[in-house]
Structure formats: C-alpha cells, structure tokens
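Protein chains: 2
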Amino acid sequence: MKNKTSDLRIFDRILPAGMYSTEIEDLICYGYDASGHSGVPLAVVWPENTQNVSDIMEIAYKNDLKIVPRGAGSGMTGGSVPASPSIIISMERMNKILEIDTANMTALVQPGVINGHLQRELKELGYFYPPDPASMEFCTIGGNVAENAGGPSALKYGVTKDYVLAIEAVLADGSVINTGVKTAKGVVGYDLTSLLVGSEGTLALFTKIRLRIMRSPEKTVTMMALFENIGDAGNAITEIMTSGILPRNLEIMDRTTISAINSFKPSTLPNNVDAALLIELDSSPETIKRESKEIAHICAEYKGNINIARNPTEQAELWTARRSISPALYRINHDKINEDIVVPITMMTKMLLKLKELSHKTGITIASFGHAGDGNIHVNVMPDKSKKGDMEIGESLVKEIFQITLDMGGTISGEHGIGMTKSKYIGMEIEAPVLDIMRGIKKLMDHKNLINPGKIFPS
Amino acid sequence: MKNKTSDLRIFDRILPAGMYSTEIEDLICYGYDASGHSGVPLAVVWPENTQNVSDIMEIAYKNDLKIVPRGAGSGMTGGSVPASPSIIISMERMNKILEIDTANMTALVQPGVINGHLQRELKELGYFYPPDPASMEFCTIGGNVAENAGGPSALKYGVTKDYVLAIEAVLADGSVINTGVKTAKGVVGYDLTSLLVGSEGTLALFTKIRLRIMRSPEKTVTMMALFENIGDAGNAITEIMTSGILPRNLEIMDRTTISAINSFKPSTLPNNVDAALLIELDSSPETIKRESKEIAHICAEYKGNINIARNPTEQAELWTARRSISPALYRINHDKINEDIVVPITMMTKMLLKLKELSHKTGITIASFGHAGDGNIHVNVMPDKSKKGDMEIGESLVKEIFQITLDMGGTISGEHGIGMTKSKYIGMEIEAPVLDIMRGIKKLMDHKNLINPGKIFPS
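If you read the protein sequences in the order shown, they are chains A and B. Just so it is clear: in the first sequence, position 268 is 267 by numbering that gives the first Met the number 0, and no numbers are missing. Just so it is clear: in the second sequence, position 73 is 72 by numbering that gives the first Met the number 0, and no numbers are missing.
Because the hints were derived from the structure by calculation, they are not lab data. Heads up, some of the hints might be wrong.
Derived lysine to any residue pairs resembling SDA-like cross-links, with alpha carbons at most 25 Å apart [said to hold, decoys possible]:
| # | chain 1 | residue 1 | chain 2 | residue 2 |
| --- | --- | --- | --- | --- |
| 1 | B | LYS122 | B | ASN310 |
| 2 | B | LYS155 | A | ILE287 |
| 3 | A | LYS288 | B | GLU293 |
| 4 | B | LYS218 | A | GLU293 |
| 5 | A | LYS292 | B | ASN310 |
| 6 | B | LYS292 | A | THR101 |
| 7 | A | LYS335 | A | MET427 |
Simulated coverage check for chain A against chain B, where a stretch passes if three residues somewhere in it have a Cβ under 8 Å from a Cβ of chain B [unchecked claim]:
| # | region |
| --- | --- |
| 8 | 153-164 |
| 9 | 169-178 |
| 10 | 237-245 |
| 11 | 281-288 |
| 12 | 342-356 |
| 13 | 427-439 |
Chain A is nowhere near these chain B residues, computed Cβ spacing over 12 Å in every case [claimed, not checked]:
| # | residue |
| --- | --- |
| 14 | ASN103 |
| 15 | ASP231 |
| 16 | ARG322 |
| 17 | ILE455 |
Glycine included, every Cβ here is placed at the ideal spot set by N, Cα and C.
Whenever a hint applies, use it, and build me the whole structure from the sequences.
Next up, the structure:
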C-alpha cells in the first residue's frame, strides 16, 4: 500500500482549483474531532457535488489512497480523525437542502447540511426533523446518518435510522448507488439503507439523503424537577417511563454536571441538588395539561421539586443550560472520557447510584447526564492528567462501567458509535462470529480497506 | 450439489422421533403458501428449540441440503415455498412467548408465536405490539420479521423493523449468533438486526426475537367514510394525511372490493359506493374528539358520507369487513395476482384513477384496497383463467402497474416482499450495482446458497 504525497498531484489535474489543499493549516484543522483525538491527513478535499465525490473516490481507489469522510468533526469517538495517512473528504460545501416536500413529508438534503439549519427551515413550514443531538447547531446530517445520531427527542421519536428513507452513496471505487425508497414503506431487497446508517463512514460516502419529516407538535411544555438524592430521580424516571406517558424529552443532570454548567455560565439550576430532570411534553394542549399534572405528581412522590417554564424565555433558559453541558465539562477537564452507555430503564437507579459509588471509590470525578428516559447516560469520567496514574485508573474505570452496563443488559454506546476510541472494547459486547460478519460486509463493500480504515474493528 | 433423499436418513439419527417427516401428506401440506405457488419439499422438520435448529442447519450444511424456513405459510410471494428440492424447517412448535417485560417495554418470543396470540397476551397487560398484518390471526412473528410485515397500524406506528430490537439467529453452518440490543438505543457495529429483518428467510433462521412493545392507547374511534367517486376518496386521503392528524389506520376499499366482501359475508358496507375509507384514531379522549370532527369535515368537503362506530360491536363489524377482504377476493378469483405497491401520498388519487382506467381498458377486473394513509395499495389483478390470453394480459398489466408506480416515485412492494413471484421484477426498482451488493451479502452469509435459495434474486 503506497500513500505518498506525490500521488496527490493527480487531484490537482482532476479537481477544480480550490477544491483541494495540502497546506499544513488545513491539514491540522481537519485532523481532529470532539473526541480529542487527532491525526494529520495527507490532504483535504471539499467536493461540491456527487460527481466530485465520485471522481475523488475513483482516484483514491486507483491509487490505493485511504480516505476519511468528515462532516463537522463533532463526533465523540474519532470517527472523522485519520487513523493512518489519509485524504479527508470534507462535506461542508455539500450543504444544500435540495427539496422539502411537506405533502409527502420528506426532505432531500446534501450530507453537509447542518442539522440546526434544516430544523429552522422546517420550523418555518410547521414541520420538524426529530433527531436533535446536543451538537445540532454545528453537526451535519451526513455525520448524523453515519453515526445514527440520537438526541433528547429520540425518547419519543426514535433515532436517525428511523428517519432515513433513502441514500445516494458513492462506493469505494467511485460508483454511485441509490438505496431505499421515497415512500412511507418499502421492502424490496435487503435493507441497505439501514446498513449504511450507523456505519460510521466505513462502507460508502453519502451524497444525498432523503429524510422523513414530521408535523410540528401543537404545543410543548418544559419542566425541571430537582432531587436531593439521585436515587429518587432514578426512581421517578422509571415511574414516568412506565406510566403510559411518553415525554418528548426526559433528561438527567447530576450534581457534578449542574455545578459545571453553573461555573461555565450561571443558570437557573441551583447547585445544592443531587440531580435535575428536564422533562418536555409535546402534544395537544388538552393532553399536555393532564400529563403535566401526572408527571408533577410522580416527581412529588419521589421528593422531587418541580417547576414548569411559564414562557418561551424560561423554556429556552432550561435548554441553554442543558445544551451547554459538553463545553462546560470540557472546560473543567480537557481529558474527560465521554461515554454513552444505555441500560434498561428499570436499571436506571441502580446504575446512577453505582456511578456515584465508583466515583467515591476511585476518587475520580464522574459527571453523568443524558437521555434518562431512554436509559442513555453520558458518563464523563474525569481523571486528572497531572496526577500520576489517574489516566490509567480512568481507563480501567471506563472498562468496569462498560462491564456493569453489559451485565445489566445494556449497551456500551447509544449514540456515539465505536470509531477509534472504543474499538478495543467492541468485543465486550459483540461476539466474534457477529464481528466476523461485520468485517465480511466491510470487505465486500471496501475490499481494499480504503474508506475510513482503523475504525469500529479492533486491529 | 446433491439433494438425495438418502441423505435425509441422517436426520433420523440426530433428531428426536416425531421431529421430522417425509410422509407425502406432510410434504404437500408444507409446500404451499398464500401466493398460490407450491412445490414438494424433500422433508419437513419441526424443531423445538435453538439447539434443534442449529443441529438441523449443521447437518444440512455438511450434506449440502437446501432448507426453507416456514412460519404459517401466509406469505404472498412464495417466500416459504421450496423453489428447488429442500427441507422445510417449520417453526410452528417454537411458539412460546418467553418473556413480557412491561417495565422495559419489550417481549422476547420464539419465531413461531402467532401475531394475534402475542396481541391478546399484551392486551391483557395494557400493552400492544403495533404490526398487525391482515393475517394476524395465523401469521407468525418469525414470518413477520422475515418479511418486515406492516398492517393497517403501520401508518401511525411503523412496520416490523421499527419493533425488532434483537435477534438470536442460526447461520448456514449451524452456528448461533445474537444481534441487537435490549435497550431503547444501541449503535455498536453495523445494524445486522435491520439487515435480517426483511431478508425473507435467505440469510439466517431466527430462533428468538426481542420486540419493542407499547402501552395501549387510551381510546380508539373507528369511522367509515363512503364516496361516490374514488377520486374524491383519494383527495380526502391526501388532505387528511397533510392535515397534521396522524390516524392509527386509514384504509381504502374500492367498489370491487366492497362487492366481494358483501358476497362473501354481508357487511354494513353499501354496494353502491365507489370507495370506502376506514379510519381509526387512537389517542386521549379529548384529542380524539377534536380530530374526529376535523376528519369528518375533510371527508364532507370531498362529498364523503361519514359514520362513526357508536360501540365496540359496530367497531368490530367494520374491522370484520376489512379483514375478510383477502378470502373474499380469493373466492371470486383463485388466480388473482395480489400486489402491494406504494406511491407517495400526493399520488394516491392519480394512482387510484389510473387503476380504474387500466381495468376498463383491458377488461380485467382490478380490486384495490389497502393502507391508503401510507400510499400502500393492495392491487388485485384478476384475470379469468378460462379466457384464452387473459392470464398473459394480467401479467403484463402487473408489469405496467409496477412501471407506473416507479415513475410516480413509488416502490413495487410495501409489505409482501419479493420472494419467488416478484424476483423477475426486482431489477425494475433496484439497480444492478445495488443488487450486486445484496447478492454479496447473501454469499457472505450463505456461501453454499442453501438457505431459501431461488428467492429475491432473479436467476
């Protein structure tokens, strides 16, 4: 396998000027993601249409050049970081919403469209696209599809895979394929669309994505419930989720998370609570009224103190606090290990208490927050790099948390995927013969192992 | 490839008595399905647990014996009919509901569990499993998963793939694998669960299936709207589906269908209408009240005459009529060709009128009914076998309908799959390179082509 910079000159001949760079400033800027991992690519290309992507892939294929597709670099597991010398294919110029078909409730977008941009366009028309990752203001739909992104609203509305109807993709050799349907249903052949969703950029590059969209709910109500004991919050979560009410969002923030938020930017959250639940309902006004009462009743039963946002400003304040968690935690610890385990909802209390206990036992700060209604906890293990041995304890703590999660019937990733950072753990969850099938699919679609190599599978 | 009956004696040595038969009565009974196609298998086996399935598959693998998995034989495309000399693996004895976990809203079932049986067990607990194919009283969950079955409630709740969380499956060589998660979310590795769903029994045999279940809705209301012109009904469908209301069901029956129902078993449907819509809402009582009014208003706008079922008896009467369509049409024409196209919802009127026009033009009866809200129309082309050339005209009519469907942005199958009957048409919808990837996946998982050969892919 050759990967010499001299091979890259071919891009200059094929691609229009300005679509390709080997400047060191560009290479550095496109070599990292939100995982904190980084690598220096050989070059960065910015295709503008499907043909460009196809041409780039064909050249890469013929010259055995590795490529890494990249959305906004907001991924948490190094998915868009080059694991070996590679060309970064940045999708940022393919950022057009090609069609919004409200009557058939679909939208056709290029992969570089920012999630929040699509949300705003749809909102004006009275529609929405449910997947709403915390990074929605900068993450791209292409990246969301590659990672099968979730977000708070996944609780009621499901994750990205539930909204991808069809994909136009470029294969390793540059050929262009189309999967899926434009209609509500379709069962012709194997479901390659679902196979591409969540494939972490390792099977093909997406160039067009048809999404299912929904009518905006009539009304939303946002509530915050505060608990003096995180175990009580866990019990309230389980009870809400088994009450028959399906909130749009049910988010948890623990004491460490709340204090990080408040030192980042003061919020309306008090520091002296052990856990806060952010609960949002969306429905018809009459249903919301009844369900809000029921939720307040459940929270009160577990000594939770509930406040309902009285106006859009208060609603926005609650969400600003929630959405600032990632930068807030990053500021207090650059070396935090951010995981996103999922446990069955009946295990929530046990897991939250276990995390508290593990933090006490090891002396390593753990901040837990996330999509509580889904059982999806973002566990941020925060070792102190300056303390000798702390990073190693942190790493072994992560492994221990994964094992506890699996023993509870959970999964080691609900949203972030495996990427580079978790490939060493994938064998804890996926048995060898299943991993072999996955490797077989990878080989079938990318026999030269040129598309985002070094991801998902342990080397 | 050998497939001699003498090889089968090995089953006698390995399997308990009564688990295996080569009696001609059994072979005939297990060689057909609802498509009308049939073939005589070499043997029938009735495994009782995962180990039995694994043993059978291992023997078949070592002896190059083809196998065909079978649920209840209610499939519409010959999926469980042997295309070549094969062993039928009937899942009917693996019919246990292994667990219903209401708190975590999942159920673990064996593949031979009847859909309706699961529905009744869940109903008693206040839960339901949304996929509800017309054949729900006899079809199996394993078959539903193999075909990615839908049903009327798919409109609001999605299809089988939206409810399959995890699968225990036996591979071609007899090894047992597990895919998926028990939790609400999970993104570890490629989504093999979605790949297995809808694979039409060609990739692996399912031995356990974990399903997501839901809380039963508080209330349902069932309505019937009658139209003197099917075009008006089509317009009402499009308007309801773009109104922001999402009914649980929105079913259409055309004039031919209604008259077939009434000659099968008299119903409350009048014969002198061009189309009837069966509309069901499920929600909170207060929301249903408002939405029913809106739907009545929309139907009235298109000259539809609406009746709301006043009690559970009337509600059941409407559903009895709907669920008797298949046998009713079968009685008037054994040779009907039953297709299940899907068009974008804005194309409904155009497609319904086109079908009427094609029937007039060719003189061949076409009965159309189905899941109108999804754009999913069960088109029953009914040539008269006794008339010379009618079957050929019927076949070419089907092909013409498929082409019109695809030109409208639709798909040739929303629920039934490809099986044997539609493999010759798959190339109309799926482009060659995509079909190559599907064939590659088939080869990867079944390199000897022993699992349900002769299905999906054109020979």
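Going down the list of hints, with the structure as the test:
no.	hint	in the structure
1	LYS122(B) with ASN310(B)	holds, 19 Å
2	LYS155(B) with ILE287(A)	holds, 20 Å
3	LYS288(A) with GLU293(B)	holds, 21 Å
4	LYS218(B) with GLU293(A)	holds, 18 Å
5	LYS292(A) with ASN310(B)	violated, 30 Å
6	LYS292(B) with THR101(A)	holds, 23 Å
7	LYS335(A) with MET427(A)	holds, 22 Å
8	153-164	holds (count 6)
9	169-178	holds (count 5)
10	237-245	holds (count 4)
11	281-288	holds (count 4)
12	342-356	holds (count 4)
13	427-439	holds (count 9)
14	ASN103	violated, 4 Å
15	ASP231	holds, 18 Å
16	ARG322	holds, 20 Å
17	ILE455	violated, 6 Å
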